[in-house]
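Participant: We have chain A already, so just place chain B on it with the hints.
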Amino acid sequence: MLKITNLHATVDGTEILKGINLEVAPGEIHAIMGPNGSGKSTLAQVLAGHDAFTVTEGSVRYENEDLLDMAPEDRARKGVFLAFQYPVEIPGVNSAYFLRTGLNEVRKARGEEEIDAYDFLALIREKMALVEMDESFLKRSVNEGFSGGEKKRHEVLQMAVLEPRLAILDETDSGLDIDALRVVAHGVNQLHTPQNSAIVVTHYQRLLEYIVPDFVHVLMDGRIVRSGGKELALQLEDKGYDWIREETAAAAAATQPAGA
Amino acid sequence: MAADNDTISGYTAAFEGFEASLNGGARSPLHARRREAIAHLQEHGLPTARFEAWRHTNPAPLANGCFPPVVTAGKLSAEAIQPFVVSGIDGPLLVFADGQFVPGLSRVGDLPDGVQVHSLSAADSETAAIITANLAALALGAEHGFAALNTAFVRDGAVVTIHAGCTMDVPVQILHVSTGQAGLTTPRTLVVAAAGSRASVVETFASTTAGAGVLTSSVAEIVVGAGAVVEHARIHLHGADSLHAGTMHVTEEQDARFTAHTFCLAGRILREDVHTVLRGEHIESTLNGLSLPLGDDHVDNYTTIEHVAPDCSSHELYKGVVGGRAHNVFRGKIHVHQAAQRTDAYQSNQNLLMSDDAEINSKPQLEIYADDVKCSHGSTTGQLDPDALFYLQARGVGLQQARGVLTRAFAGELVDRLQHEGLRTHVERLVSARLDAVLADQGGAR
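Going line by line, the protein sequences match chains A and B. Taking my numbering, the leading residue of the first sequence gets 1, the next gets one more, and so forth. Taking my numbering, the leading residue of the second sequence gets 1001, the next gets one more, and so forth.
Derived from the structure by calculation, the hints contain no laboratory data. Careful, some of the hints might be misleading.
To be verified - Derived lysine to any residue pairs resembling SDA-like cross-links, with alpha carbons at most 25 angstroms apart:
| id | chain 1 | residue 1 | chain 2 | residue 2 |
| --- | --- | --- | --- | --- |
| 1 | A | K139 | B | S1432 |
| 2 | A | K78 | B | P1386 |
| 3 | A | K108 | B | S1432 |
| 4 | A | K139 | B | G1422 |
| 5 | A | K139 | B | A1060 |
| 6 | A | K139 | B | N1288 |
| 7 | B | K1333 | B | A1060 |
The shape of chain A in the complex, shown without the other chains (with noise of 0.2 angstroms):
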């Protein structure tokens, strides 16, 4: 579903992804993790689109096309999906336009038509008891007011109304208390089938109690420098990141010729 292949990213000048190397197949979770400052919600926005960054190497496909040749728009449309990071405000659109707006014009491009206000009630009523939400947010302007743990049911629950294929999750966990993220976690968990893949970016394996990941992989100064099943979870939790740093810092030594 995705391949991404020595991806080279920066920004402002600034090489921030300096190689990375990932395939996704349809149905797997992945979660990347990695100390602050590694490159991982880069990552997530190169992927996403944003023009913030510039590619200056590799290659991503996506479903066997280029996704780095597509605008933002056309990747949300082709499934792309990811949730912020830092869900924006936007004062006087409300909730329940610009998900109704996002939907139709990815309905449109599989081909569907767009959706009525009756039955856009109906399913948006159905979401919104997935992420635990009260119906008043739908007339509230996007995130305006919102508290941390209401603007990340609100990406989850945008997630479950446009259904992508490539979930993307920029730590949805962070700042999160534990019943925020066991409803983030069981939205994620609802939209996961045998087709959805995720790819799921966290600072802490908490969140990685309550979605399952297939893969871990460590981020670290812009390269995936480790990767492993859901145990590395664990032992990153239990021991740091230093180490992984101390033994990636080894085998470079030793690959250096002898005496120079």
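Facilitator: Same frame as chain A, now just chain B:
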């Protein structure tokens, strides 16, 4: 000042011709006001670029050269005015073509007790007394040359009076339509809302042509009695080449609630002076404005809120979405007199520049002579929030549509402030259509 003298002698000659045509009407109280006004014009002239009040709007295209007053109204059909009429409002509709009343297209219908809606020329004796007492009652400063020009040549106008305690729920519609005849037209409106009354008035300035050579010099006077609640909306839909210099004078008495909405949607040069005087205590006054210039349009909203008495609050929100090479100007003066203790005044001017060639000037001006007041102002100018655009794109919304969504939300705040649902829907449609044009106008070379 030779050009200015030529202009004024042109208007003086036109005035003499007008006076001669009045056939006895020259002895009316209204004509006495006209004479005062032409004398004012002869003494002070029209504004020049040296006037501080015209610092960001060159008055020359409006003030250099005499625009001969349009004497005969052009033809106007029901179809032609249909887009400008708020559908679904059954209330009174007064239609003026080139400044003259058109009875055939107007309707008054059954009015609630204590409410009168007339044209100036058809006022009954009771309304005539109200007109005499209130029309052009405010002293004009030297900077108000265009208001004097209106008064000097006023032929007709709309008069809405509401007796004490009476209510007119449905907005009274006043439609000033230019049929494209070059020259000066002088729409005039007088609203007198007595103590404890309620009224809503919507004035639309429209044109059936692009209106090259058309100068509209309008004046509206609004008297808001003690405890009265008045909402007033002005919709500027002039021809794309038309010029407009408008003045609105408001006086508010104790406990009054007044809200004005100004939508500057079309016109080549659009200058709008709003001056409201809060004369009694516990008044709440609100000025809202939305300007959507494009191409080479120039819009200037020049507002003054005068707090004379204590314990009043005023709120002012003007927004602009500026496309093409257009220029949007805002001046907001809040004048708090020494006696106006505990004044609470807030002013905000926000602009979105939709092209590299668009330009704005924003000037808050607070003059405070009382020591116990809360006055604040803010002004922002920028482009659409790139993070919000990306957020929408990441949900499948194309960039152009996302720009539309955010711009509509920005402008929508002012549309939403209209109280009457039918009027709100009407304005929403006009604003939406205009925004499409503004968004499409990326400026560039002429």
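Participant: So, for every hint listed, does it hold in this structure?
Facilitator: Do the hints match the structure? See the list:
In summary, the hint linking K139 of chain A to S1432 of chain B is supported, as the alpha carbons are separated by about 21 angstroms, within the 25 angstroms threshold. Of the supplied pair hints, the one linking K78 of chain A and P1386 of chain B holds, its CA atoms being roughly 22 angstroms apart against a limit of 25 angstroms. Simply put, K108 of chain A and S1432 of chain B have alpha-carbon atoms about 23 angstroms apart, close enough for the 25 angstroms limit, and the pair holds. For the proposed pair K139 of chain A and G1422 of chain B, the alpha carbon gap of about 21 angstroms is at most 25 angstroms, so the pair holds.
Straight-line distance between C-alpha atoms of K139 of chain A and A1060 of chain B comes to about 48 angstroms, which puts the hinted pair past the 25 angstroms bound. Restraint check for K139 of chain A and N1288 of chain B: the C-alpha separation of about 23 angstroms stays at or below 25 angstroms, so the hint holds. For the proposed pair K1333 of chain B and A1060 of chain B, the alpha carbon gap of about 24 angstroms is at most 25 angstroms, so the pair holds.
Of the numbered hints given earlier, the model fails hint 5 alone.
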